[in-house]
Amino acid sequence: MPAAPRQAVQRIYAEHHAWLYGWLRRKLGDAHDAADLAQDTFERLLRSRDTAPILEPRAYLTTIAQRLVIGRARRTALEQAYAEALALMPAQHAPSPEQHLQVLQTLEALLEMLDGLPLKCRNVFILAQVQGMSYTEIGAQLGMTRNAVQKSLARALAHCYVVIYG
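Heads up, the sequence shown is in our numbering, so the first residue is -8 and it goes up one at a time.
Hints are supplied without guarantee of correctness; some may be wrong.
[What the hints assert, rightly or not] Okay, derived cross-link-like pairs now, DMTMM-like style, lysine to aspartate or glutamate, Cα gap no bigger than 25 Å in a straight line:
| # | residue 1 | residue 2 |
| --- | --- | --- |
| 1 | LYS18 | GLU6 |
| 2 | LYS18 | GLU89 |
| 3 | LYS142 | GLU103 |
| 4 | LYS142 | GLU89 |
| 5 | LYS18 | ASP31 |
| 6 | LYS111 | GLU99 |
| 7 | LYS111 | GLU70 |
| 8 | LYS18 | GLU103 |
| 9 | LYS111 | GLU89 |
| 10 | LYS142 | GLU128 |
| 11 | LYS18 | GLU47 |
| 12 | LYS111 | GLU128 |
[To be verified] If you anchor each label on the Cβ, the simulated ranges turn out as follows:
| # | residue 1 | residue 2 | range |
| --- | --- | --- | --- |
| 13 | GLN120 | THR67 | 33 to 41 Å |
| 14 | GLU6 | ILE155 | 36 to 44 Å |
| 15 | LYS111 | GLY62 | 12 to 20 Å |
| 16 | GLN96 | ALA149 | 19 to 27 Å |
| 17 | GLU128 | VAL94 | 33 to 41 Å |
| 18 | GLY134 | HIS23 | 23 to 31 Å |
Because the hints were derived from the structure by calculation, they are not lab data. Please read all numbers here as calculations on a predicted model, not as lab measurements. Backbone N, C-alpha and C fix where the C-beta goes; we use that ideal spot for every residue, glycine too.
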């Protein structure tokens, strides 16, 4: 990273870290999670390739932090759903700890890949590709027509293709 952007991030950190931590602590209700997400927010800012000056640092930090909060909530929900599915499996069919970790990492990578999609497209993709539901079942669950489900799935698959293959 060039020196100027690094210096800008250092300045933003010095001026706004305490505020961001407080904002996250109020939002999350947990000091440790707030500290982790504040750190992750500044890491994301440091890795950013955007060299334009940040005119509204608090708004920019809030946007990054909100996305991280949503991502963390999504991962937690996914892990809980996976744990519930594992609990229903007979013990002899349960995955090993290594397989369990691999599944969670794969699901997390999948969620990251779907990040740029609208929520409905993402939900259609997960219901169709992960849970194996039919278009009709998805439509009934999400209140969509079969045609809308097909279009949303096609959009999600096209998005995945672009993410994977460029």
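Consistency of the hints with the structure:
1. LYS18 to GLU6: Given pair LYS18, GLU6 holds - Cα atoms ~20 Å apart, limit 25 Å.
2. LYS18 to GLU89: Distance of about 34 Å is beyond 25 Å: violated.
3. LYS142 to GLU103: 21 Å, holds
4. LYS142 to GLU89: 36 Å, violated
5. LYS18 to ASP31: 16 Å, holds
6. LYS111 to GLU99: 18 Å, holds
7. LYS111 to GLU70: 20 Å, holds
8. LYS18 to GLU103: 23 Å, holds
9. LYS111 to GLU89: The given pair, whose Cα atoms are some 32 Å apart, is violated under the 25 Å limit.
10. LYS142 to GLU128: Between LYS142 and GLU128 the Cα gap is close to 15 Å, so the pair holds against 25 Å.
11. LYS18 to GLU47: Distance ~20 Å between LYS18 and GLU47 Cα, so the pair holds.
12. LYS111 to GLU128: 14 Å, holds
13. GLN120 to THR67: 33 to 41 Å: Because 21 Å falls outside the window, the suggested range is violated.
14. GLU6 to ILE155: 36 to 44 Å: 39 Å, holds
15. LYS111 to GLY62: 12 to 20 Å: Between LYS111 and GLY62, where Cβ atoms are some 18 Å apart, the hint holds.
16. GLN96 to ALA149: 19 to 27 Å: The hint (19 to 27 Å, Cβ to Cβ) holds, given that GLN96 and ALA149 are roughly 24 Å apart.
17. GLU128 to VAL94: 33 to 41 Å: Since the Cβ atoms of GLU128 and VAL94 sit about 23 Å apart, the hinted range of 33 to 41 Å is violated.
18. GLY134 to HIS23: 23 to 31 Å: The hint (23 to 31 Å, Cβ to Cβ) is violated, given that GLY134 and HIS23 are roughly 38 Å apart.
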